[in-house]
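Participant: With the sequences and hints as input, model every part of the structure.
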Amino acid sequence: MPKSTDRNYITKKIKASKNHQMWKRGFRSKAPSKSMKLRANAVILTFVLFCAFALSVNLFRIMVMEHDVYTDMANSRQFNTVKLSAARGSIYDANGAVLAQSATVYKIFVDPGLFKQEMQIVEKRNKELLEAAIKKQESGGIAKADIVDPEDIKTIVVDYLSDTLELKPKDVREAFEKDSNYVVLKKQVEKSRADRILDFVSEIHVAGSGRTISLSSISRLSDTKRYYPQNELAASVIGFNMADGHGFYGVEKSYDKYLSGIDGRNITAVDANGNAMPYRYSKTYPAQDGDDVYMTLDMTVQTYLQNAVNDMVDTFKVAQRGCGVMLNAKTGAVIAMATSGGFDANDPYDIYDPVQAAEIENIQNEEMRKDALDKAHETQWRNKCISETYVPGSVFKVFTASAGLEEDKVQYYGDNFYCSGVEVVAGERIHCSIGEPGHKSQTFEEILLHSCNPAFIQIGQRLGKDLFCKYFD
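Sequential numbering from 40 applies to the sequence shown in this note's numbering.
Incorrect hints may have been included.
Straight-line distance between alpha carbons at most 25 Å, and here's what the computed BS3-like set of lysine-lysine pairs gives [unchecked claim]:
#1 Lys207 - Lys146
#2 Lys155 - Lys226
#3 Lys479 - Lys226
#4 Lys193 - Lys146
#5 Lys207 - Lys264
#6 Lys183 - Lys166
#7 Lys166 - Lys193
#8 Lys225 - Lys207
#9 Lys230 - Lys122
#10 Lys207 - Lys226
#11 Lys122 - Lys264
#12 Lys207 - Lys217
#13 Lys163 - Lys183
#14 Lys436 - Lys356
#15 Lys146 - Lys230
#16 Lys122 - Lys322
#17 Lys193 - Lys122
#18 Lys479 - Lys356
Calculated directly from the structure, the hints in this document are not laboratory data.
Facilitator: Structural data, given as structure tokens:
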């Protein structure tokens with residue numbers, strides 16, 4: 040072999056050897072060091088700990104903070120709960136007369152979806168009768184198809200319901216056309232009316248047809264309604280109920296938690312399709328009816344007091360309503376409490392002052408009319424005896440008279456007080472209730488009987504500021 044060739048071979052081998060060594064050194068230089076491994080482990084551990092922390096926080100949120108939410112969601116899928124309404128307690132006066140009592144009434148509702156199906160059945164029957172009549176005619180016989188127009192049925196039902204339930208025909212017709220399976224037409228319908236409606240829809244007769252149409256799409260659900268047999272008598276004391284059955288104003292509100300009772304529940308396990316499972320999987324928690332409330336009011340005395348208050352308001356042209364209270368002097372029990380310008384607790388939203396009702400009706404601006412109506416409601420519902428600031432006025436005259444006698448500034452016998460109909464104090468003219476010329480000369484007994492303003496001002500002046508304030512305090 041030539042020398043040049045050997046030399047080239049050796050040179051290539053040396054280069055290859057050097058390249059191999061360099062490659063090995065490069066490979067070794069790319070291998071992770073101990074510090075790199077520690078950093079990598081720290082990053083991985085941090086990531087794992089972060090994931091574990093996030094998972095723990097989420098589990099805490101689900102299992103603790105939102106426990107009730109998910110429990111309710113699970114129960115709603117596994118159980119069907121039906122509320123058993125508690126009967127609201129009654130309210131009686133001191134003699135056992137009923138002041139407030141609940142009775143069973145009904146919600147009248149329509150199932151528009153089912154009604155449409157029933158009308159389709161009517162149309163199908165029309166088609167069958169028509170085809171039968173045609174075949175009979177073709178065979179040479181005389182035939183007549185008893186066809187009923189579904190629209191006629193709808194009109195008959197709408198007219199009857201709107202008349203019986205005192206609703207607008209337009210509103211009833213719209214209820215039948217809604218895309219729903221449950222539309223309430225009217226709540227708190229008495230049993231007699233509800234019975235008439237069900238009897239009517241079970242046998243509907245269309246003029247000119249011998250067919251009888253029965254509808255299941257119109258039905259009822261039981262409900263309760265609060266009745267107030269005394270109507271407007273002591274209405275501001277008794278109060279009334281809201282649509283949800285809870286008390287609003289008066290005793291109905293103050294004793295609501297006692298009157299309401301506790302609703303019961305019937306809980307039934309359901310399968311995957313929502314069907315109730317056998318009886319052993321159900322549990323009933325019976326309702327606890329509300330307690331009855333007996334008041335110290337006596338309706339006989341209440342009637343006399345109400346009439347007296349109304350007469351005084353009319354006689355003296357009282358602008359801001361009048362009120363009166365009768366108490367048992369020994370126990371402090373309220374025997375009667377009356378306010379003029381009241382309302383009927385059975386229809387609390389009606390404005391019973393005809394003048395005020397007309398004024399509100401004439402307000403053109405809708406928002407202003409609503410504000411005026413709300414204010415009128417608030418005024419007629421409020422019990423003036425306990426809910427409005429009361430200037431002592433004539434009531435305080437008893438203290439003025441007692442102070443005068445106690446301090447020997449007046450004499451029960453022999454003293455005399457002159458009333459000209461007006462007394463001027465610090466430039467202010469204070470009038471007697473009967474106006475001028477007043478009661479003239481009066482004894483102490485007579486000023487008590489007349490509740491004479493000028494005479495009691497004179498007693499106050501005899502006492503002087505310091506003594507008067509002493510008894511006032």
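Participant: Is Lys225 within 25 Å of Lys207, Cα to Cα?
Facilitator: Status holds; Cα separation ~12 Å.
Participant: So if I understand the rule, the pair passes when the alpha-carbon distance is 25 Å or less; does Lys436 with Lys356 pass?
Facilitator: Roughly 22 Å between the alpha carbons, so the hint for Lys436 and Lys356 holds.
Participant: Within a Cα-Cα threshold of 25 Å, do Lys207 and Lys264 meet the stated pairing?
Facilitator: With Cα atoms ~23 Å apart, Lys207 and Lys264 stay inside 25 Å; holds.
Participant: When you check the alpha-carbon spacing of Lys193 and Lys122, does it fall within 25 Å?
Facilitator: violated (34 Å)
Participant: Has the given pair, Lys122 with Lys264, been kept, meaning a C-alpha gap of at most 25 Å?
Facilitator: holds (17 Å)
Participant: Take a quick look at whether Lys193 and Lys146 sit within 25 Å of each other, Cα to Cα.
Facilitator: holds (20 Å)
Participant: Holds or violated: are the alpha carbons of Lys122 and Lys322 at most 25 Å from each other?
Facilitator: Since the Cα atoms of Lys122 and Lys322 sit roughly 12 Å apart, the hinted pair holds (cutoff 25 Å).
Participant: Decide if the proposed pair is consistent with the structure: Lys479 and Lys226, CA atoms, cutoff 25 Å inclusive.
Facilitator: At roughly 63 Å apart (the allowed maximum being 25 Å), Lys226 and Lys479 break the hint.
Participant: Lys163 and Lys183 were given as a pair; does the straight-line alpha-carbon distance stay at or below 25 Å?
Facilitator: Holds, at about 17 Å.
Participant: Could you grab the alpha-carbon distance between Lys207 and Lys146 and see if it respects the 25 Å cut-off?
Facilitator: holds (17 Å)
Participant: Is it true that the CA of Lys146 sits at most 25 Å from the CA of Lys230?
Facilitator: Status holds; Cα separation ~10 Å.
Participant: Taking only the CA atoms, is the gap from Lys166 to Lys193 under or equal to 25 Å?
Facilitator: holds (19 Å)
Hints 3 and 17 from the list above are not met by this structure, while the remaining hints are.
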